[in-house]
Amino acid sequence: MSEAGACADRDPSKRSRKVSDIESRGYIKPEVLVSTEWVAEHLSDPNVRIIESNEDPLLYPSGHIPGAVEVDWTRDLNDPLRRDYLGQEGFSSLMRRIGASRDTTLVIYGDKNNWWATYAFWVFQLFGHTQAKIMDGGRAKWIAEGRETTRDVPSYPESHYQAPPRNDQVLRAYRDQVLAHVEKKGKLIDVRSPQEYTGERMHMPDYPNEGALRGGHIPGAKSVPWARAVAENGTFKPATDLRAIYEGEAGLKEDDDVIAYCRIGERSSHTWFVLSYLLGYPHVRNYDGSWTEWGNLVGVPIEK
Amino acid sequence: MAETATLPPKLAETLDLLALMPDRADRIQLLIDLADRFVDVPERVAQRPFSCDDRVPACESEAYVWAERRPDGRLDFHFAVENPQGISAKSFAAILRESLSGQPLEQIAALSTDLVYDVYGQELSMGKSMGLMAMLQMVKALAKKGIAEGAVREEVPVVS
Chain B
18 MSEAGACADR DPSKRSRKVS DIESRGYIKP EVLVSTEWVA EHLSDPNVRI IESNEDPLLY
78 PSGHIPGAVE VDWTRDLNDP LRRDYLGQEG FSSLMRRIGA SRDTTLVIYG DKNNWWATYA
138 FWVFQLFGHT QAKIMDGGRA KWIAEGRETT RDVPSYPESH YQAPPRNDQV LRAYRDQVLA
198 HVEKKGKLID VRSPQEYTGE RMHMPDYPNE GALRGGHIPG AKSVPWARAV AENGTFKPAT
258 DLRAIYEGEA GLKEDDDVIA YCRIGERSSH TWFVLSYLLG YPHVRNYDGS WTEWGNLVGV
318 PIEK
Chain X
203 MAETATLPPK LAETLDLLAL MPDRADRIQL LIDLADRFVD VPERVAQRPF SCDDRVPACE
263 SEAYVWAERR PDGRLDFHFA VENPQGISAK SFAAILRESL SGQPLEQIAA LSTDLVYDVY
323 GQELSMGKSM GLMAMLQMVK ALAKKGIAEG AVREEVPVVS
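Those sequence lines, one after another, are chains B and X.
Per the working numbering, residue 18 is the first one in the first sequence, and the count goes up by one each step.
Per the working numbering, residue 203 is the first one in the second sequence, and the count goes up by one each step.
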């Protein structure tokens, strides 16, 4: 639909140079990534809405890509009362507020190698907004390239976005499903730090257990810290490197039913993105309950 | 649980100022302004590459903390934040440097790490709050060390 090519095509030489960098990495679905150059050329494209999503709430107000709106993971994506994501109405009003229609291309970027950007991307997919992309390299790359930022917060005319009901079946795993998955020896990827995986703890007096009563990991899970998918410059590693990690080391296969988890489901959305799009795995779910749920559940199996 | 009365006076002032902010956007703007006031550790105190002993554990913005002893035994706190995007770490460093330097060490040592939530609100991610709390823990540890190293004469006017 409003596939971003509409504007980028004007200068074919530039376009092929930019696209080739991402395309040369051998991803199965390279169209989910756009480069910083691409974004710079689409700042005033009415079919594109640029969204910044960060862990650090001070970053967006301190300067962001001109025209970018902020979507905050706690205030915008989570239900304020229950531990859950926003529902159909909440998502509709969020999209209306940022002036996005159902076929607007949403380009998301953020801090921490796009960790929170992929989290927003994952939540958007629960509502089937497939016209979504991640800006490769995230906020840090944009800044490092000396590109323009502003503190001006834009406002867009409210849209009439109508979201479908949230679909948790395909991309999201609940605890009972994870338990069943463990019992049939399904593949799991634990994307937390090695210390979290082994159940060692950092000695933080105020957070002795990082929000869980038990340490360790879900039985059968392989440890692949999320940031291993990212190259030093903050862009995603090429597909061959990713395959070496997830297939060579962690033993995944493309057709596997895979569940990724971390502590609250944000870091694992990054791995979910890598496996689902860059490597094109069709059956990957994010267990957003993650360790803060599993490590507190009574009676579930734990491995150390 | 520390009462407001036992907070170092300059810190109490900063918290009062934050509490006066009518909404979240103003509060965030104040914190950004504070981050702009961040001062890198002076060369007389430490030079790059810094020692890992001075690095804040769990802070992903690669923050470092040092204390410099004043003649009266109180401490000046200095910080480095190596991540250029570490704006929350910089704002917190600015608050701690400006509000705790020269303040009574017992009051600093007694600070609750809940201070992080008093400054940033409850919506911080756990990763971020852990890093900021660790910064405060290091400052508290330096204050405790300062107390152990020498009697602090109270009633000495704060030198600035």
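If you're looking for bench data, these hints aren't it; they were derived computationally from the structure.
Since the structure is predicted, the reported quantities are computational estimates derived from the model, not experimental observations.
There's no promise every hint is true.
Under the rule of at most 20 Å between Cα atoms (straight-line distance), these lysine to aspartate or glutamate pairs were calculated in the EDC-like manner [stated by the list, open to error]:
no. : chain 1 : residue 1 : chain 2 : residue 2
1   : B       : K158      : X       : E264
2   : B       : K158      : X       : D278
3   : B       : K158      : B       : D96
Partial list, derived from the structure: chain X residues whose beta carbon lies under 8 Å from chain B [what the hints assert, rightly or not]:
no. : residue
4   : A237
5   : V241
6   : S327
Just so you know, even glycine gets a beta-carbon here, dropped at the ideal spot from N, CA and C.
So, going through the hints one by one against the coordinates:
no., hint, result
1, B:K158 / X:E264, "18 Å, holds"
2, B:K158 / X:D278, "35 Å, violated"
3, B:K158 / B:D96, "31 Å, violated"
4, A237, "7 Å, holds"
5, V241, "17 Å, violated"
6, S327, "5 Å, holds"
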